[in-house]
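S.K.: Chain A is fixed; fit chain B onto it per the hints.
Chains as they are written, first to last, in UniProt numbering: chain A, 1 to 387; chain B, 1 to 584.
Worth flagging that the hints you see were computed from the coordinates, not collected in a lab.
Keep in mind the model is a prediction, meaning the values are calculated, not measured.
Which bits of chain A does chain B cover? Going by a derived footprint, with three or more residues having C-beta under 8 Å, they are: (1) 244-250; (2) 308-316; (3) 323-330.
Just so you know, even glycine gets a beta-carbon here, dropped at the ideal spot from N, CA and C.
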Amino acid sequence: MTAPAAGRPVRALTVDDLEDLAVGARVLAAGTEESAYHVALDWAAAELAAHGPVPLLPVDRLPGTGLCVAVTLAGASAALAEQLPTGEEPVRAVRAVERVAGRAAEAVVPLNAAAENALIALATAARCGLPLVDGDGCGRVLPLLEQTLFTLAGVAPAPLALATPSGDVVAVESARGRVEDLVRPLVLASGGWAVAAAYPMDGARLASCLVPGTVSRAVAAGAATGRARFAPWRPRSLCRGRIVAVEQSAGAYENHENGAAGPLTGLPGGPAGGTAAAVPHGTLGGVPDRVPLPSRPTSVLVEEDEGLRRRFRLEAHNEILLVLADGAPAASLPDQILMLSRTDRRVLDVERAVPGTAVEVVVIEAPAAWYTPEGRALARTGSGGTR
Amino acid sequence: MSGPDPGFRPLTLTELLQDGPLADIEVHGPVGAAVPVTAVRIVDRLAALDEVRPRSAVVLTAGAAAAAWTVEMALRKAWEQAAACVVVSREAGLPGSVAELAGRLGIPFLVVPGDPLDAAVRIASAVARPEAGRTALIAGAARQIAGAGIRPARLLSALHAVLPATSVALTGPAGELLAGRAGALDPTDRTARVTVEVAGPGGEPLAVLTAGFRDRPAGWEATVREVLGLAVAPLTAWAATERLAAERDGRRASGLLAELLARYGDDTTAEPDGARRDPGERRAPVGNERRSPGADAPRDVLEDPTGDERRALGRAEPNPPETGAADPHDPLLAAAVALGWPLRGPFVVHAVRPFGPAAPDSGPPGPETGPLLAARWARAGTGAGPLIAYEGVWVAWESVADPDGAGRDPLARAERRLRAACSEPGLPAPSAGAVAGPVASLGGLGQALADAVAAVGVARPGTVVRADRVGPAHLLTALPREALRAPARALLAPLLAVDRDGSLLRTLAVLLDVGGAPSVAAARLGVHRNTVSARLERLRALGCDPDDPGLRLPLHLACRVQLDATEPEVPEDQAEPPEGEPAG
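Okay, chain B solo, but in the shape it has when bound:
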């Protein structure tokens, strides 16, 4: 007789239980143990127990199963002989005390319906061809997963149904639990763990599937990995579906963002990147009343997985579900992960304000410009998540938790990249940009978004401002120019009537900018000081005296508005007023 094939993996008890050769069985004692089953031994009298070899499945029949004490002796003997398990028919009608002894001794004890010899035959056939059982497991898993659709909660239920005594969790990039059981992540609870990356529709890391289990036989990891792999494609499809829906209807993403901010964005203690903590510590989810009316997206993943899991686990649950099995994870986070929103701080916020039809402030983004802008945005490679309509502008944020980027200014990098993106010729409309942050976590996101939105309001098309460096010129340019244009023109009407080349208007503006000092103004205008003095005389004659305190501010505003309308934008760094020049 030739030796065993070196690649041969014997059937394990777990596989025996889950592959279904034994239907409707009760299992007592430890089934999670790494127990290979290499033989079947039918025992009809107790004396035969002495011949039991290690790793055998001991099937008790006739006299050996006749009474509680014979089965207890068989359990003891099987335990001493290192048998894999003891099988007895339910018809033996054994009291619960026998099963308790199996638990005490730590030997798996299987109570099967019907004829024990029938079970013996089925175990023997499974033992003879362990690969067939394994293939059956994978096939069964594929069937279950195909039937579960693409929703994470249902997929995780299906995984739990096909992987007994194994906890599976779906976590986002920040480690936050999206679906499944937190027990899979507990480092002390489980001894072995398998993780499988789930890529997003664009190939980017989307989420991680983690399976945790106790001392399992060799090969179980590979089986788990294979089964988890079956769930990757549906999860990617889920993310793609969510994103498609979000892009088709911008309000969906906006609503989700509002809800995310309501739940996490204004509370620094509720950070989802602390998801590895006990979920019970997290603040209870807010009720429906805080969900914005348009936020219908999260409901898709609100299903409670536990009910499905319990039903799917109609077969014997070998271990009682550990605490945390029905973990109250936040479906909101799952929706955010599906849409590709970064959830791991620190964050830098980007805001984009298109000038033209893509602006989101005239109601929801149009069906044609929103997707176009989003597509351009995705291609621009700013590193930030997708654009979301928020407070009349488009916002996005990126995770800047880059270990080797430590020490560099993440905001400067973001500003650079956003400027490149905003000046891209392919954008449907000229855009202004702003960056804000960084903030450590979702708790600061709301404030950073507000900063970015305020900053982008004062940015000119094609430029990008940093929210932390908004200066006086930005404040001025933030004025409602369209509204002020007519009054400005009226105030300056006498001047404009005579100012053919605009030199008077420019001189007035510069004089006001520099505090009325003619020599400074002359230097800035590149003319002689006397020219400035002469123009100042004419300005006074036209009723536009920059030294008149009552007129100074209105005139300055009118100049700005009028110049904006007639001249191209002055580069910001040159628009800064010179420092320290005293008024002449």
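In isolation and in its complexed conformation, chain A is listed as follows:
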């Protein structure tokens, strides 16, 4: 492990910070599985208690040539609560990647800094005695292992290692584009979840494609209350209104083709609900084109309380993919679109939208790389919690 360069002291995450991180990582995640979340929290707390505070490496302190490994939970988070972790999974996964890569890891980076993924990355860093990189590979929640800015930057997820709670360790070396296909059956076979260590790369490479500061941002958000809790993400309010109807949507997000002209290029593309398993895979950036999602496409209609009194249609499939204001696109993937309850400013899960609820629709901008044509295409390939 390369010692951090001189300068301002590196912050270390303590058990106290964990509390804030736990709250802050969940601010934007509406549909977090409660029990799994608590398992992850307890796990990270236990590792911190056992191994002491974890240094939080800012992007300018990354080990230039040292190996960094991204860590995430693969599979359904609900399964985490059903088959409890042994605590060995992270270290086994990291060691497996180290074996394939032929050198030792010097930092752990969360693949994404939302909900239990941030906590598991922290547990991994603590357990492995490595610093945690203050940043992540997504900048927002996306469901597939390949849906990261690392992929956009040309870094492959493989060699990748999975460590399951049953003690299995699987290292995957794969040509690009087949990782998700290989990993999913493995995870299903091993009890529903695994810790994945992936995207091994140099610190310098990581610094060029990382979304920086997302861990400290979550910690800051968790420490704040009320409106300030959202402030770190700089949300833009789309409308304040009331849900007037919740319709089942035909989805049909696949009918947006690449290169759609004009303002429609910003539209979401994603799996067709229900029939997706039978749809042949495309070749979009070598990433599987369609993935079945557990929930049904839904339209939430919100009528504005003020101003033009526009009518908003929120198209959602696991997350809100598109917002139309009187038919005009107001926001779409990769924007992160959230419905906040106006009474307590909590994020409302689309699955639990009920007509009559007073809501505010806000948009959080994704990292800029997601707005490039390649970024949009990659973001469109899937949505929903399959990781």
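M.R.: Chain B only, in chain A's frame:
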């Protein structure tokens, strides 16, 4: 490619909807808008919407119609590109919220059954030949109107069926609503209006057809005018039929008049010439119990048009019927207009009393004299409506609402014309006439008719009296002469027995007329005063003393009756007694 023909009118959305290339469609959003359709654009993916040109009909298929949000985006885009309408198949199963957005944006949104491409082809063919669609509209209108017969309510239903989003009203000369929808007359509600005059059987103005509609494309007015024109001939035929029936059976008109008077004639607040007011303010029509037993005429037009209209409008009604669409107009007024009765005040009433077989007081007018008198009457040109049997005489009334006749005495003019008519040699019998009025409205008609009937009762054959100037001589001549003739003769029997040349009788009459003053009587008779004194002596000797108070009135009456029977009528102005001559 040559420029468009300057006379070329592109197909409008309204025409597209009503000409039937699109059957069984649901229409959302504004269809009354002036929207020309010049092209059809089939859109299978949202990106293609950027290429939509203004005034296109945008037909969504495949991916573009796959979900509510794609259709909403298409609506928005089409609206931004000023497209004429958006068409989608019903099979897309879109929720109502999409149609609501169409309404919010104000873009016409058509949901068609079956394959949207099929609709696209049919729209394209209609767009290519707009005149064919227009001709089809007129042809369809002609078919509908021919099938509707001649009754106004049915005709108006047919007009509403062929002219979507257009209200049509049939009004009488006073503006009273006879059939159709009051909304067509509301000046604030509609922006454009087309009126077509309906002439009566004799060419006189009978009624007016008014169509009201909101912002329609150029050319719609001409189309409406053409369609309204198709209804003129049936309406004229309706009036002719009503009049024929009324002339064939006088009781029909009499009954109608009785009903009209019952409803309007004795109530000054219920004037039908206020028909442009909210009809709801009008007094509710009286029930059947007030209709006279013979009044079967109005029932012909009592049909409620709304039921027929609704059925005829089986196609999509683009706009919800505005309030007042099923206006409770008064069929009684329609019947009156059909018969040519003036309804716009002020009125002057004419009464005619034929002496002889045409008199209506011996039961209903005979089949031979009634029509003859009516025909003569129509030819005489009094300006009044047709004759109606009423209270034993014939009555008619004219509307004297003549703006340039203001200041002149309408009654004097009517009197002059009626006198000319009554003295016409072609009349089947000598007639007396009377005029009464003027009254401001139908509310006063009953009183004016009563005045005229009373006045004509005292008029002599060939003369016309004004109800407002009936004098003492008229009162006397109103006596039941036939009944008094025998008693008169008995009272005067001693006199008549000796009065060879009638001079004694005349002297007695004049003496009584002038209050017994011999010198005045002498002047009137053109004889010497002593002659009068001598005759007075003889009269006293015969028991006919004009100074006897108990005898004076009976003798005066007997003289009048006896003189009427033996002498021609004294002209009225000379029959007036001289004024101020004291009794000698």
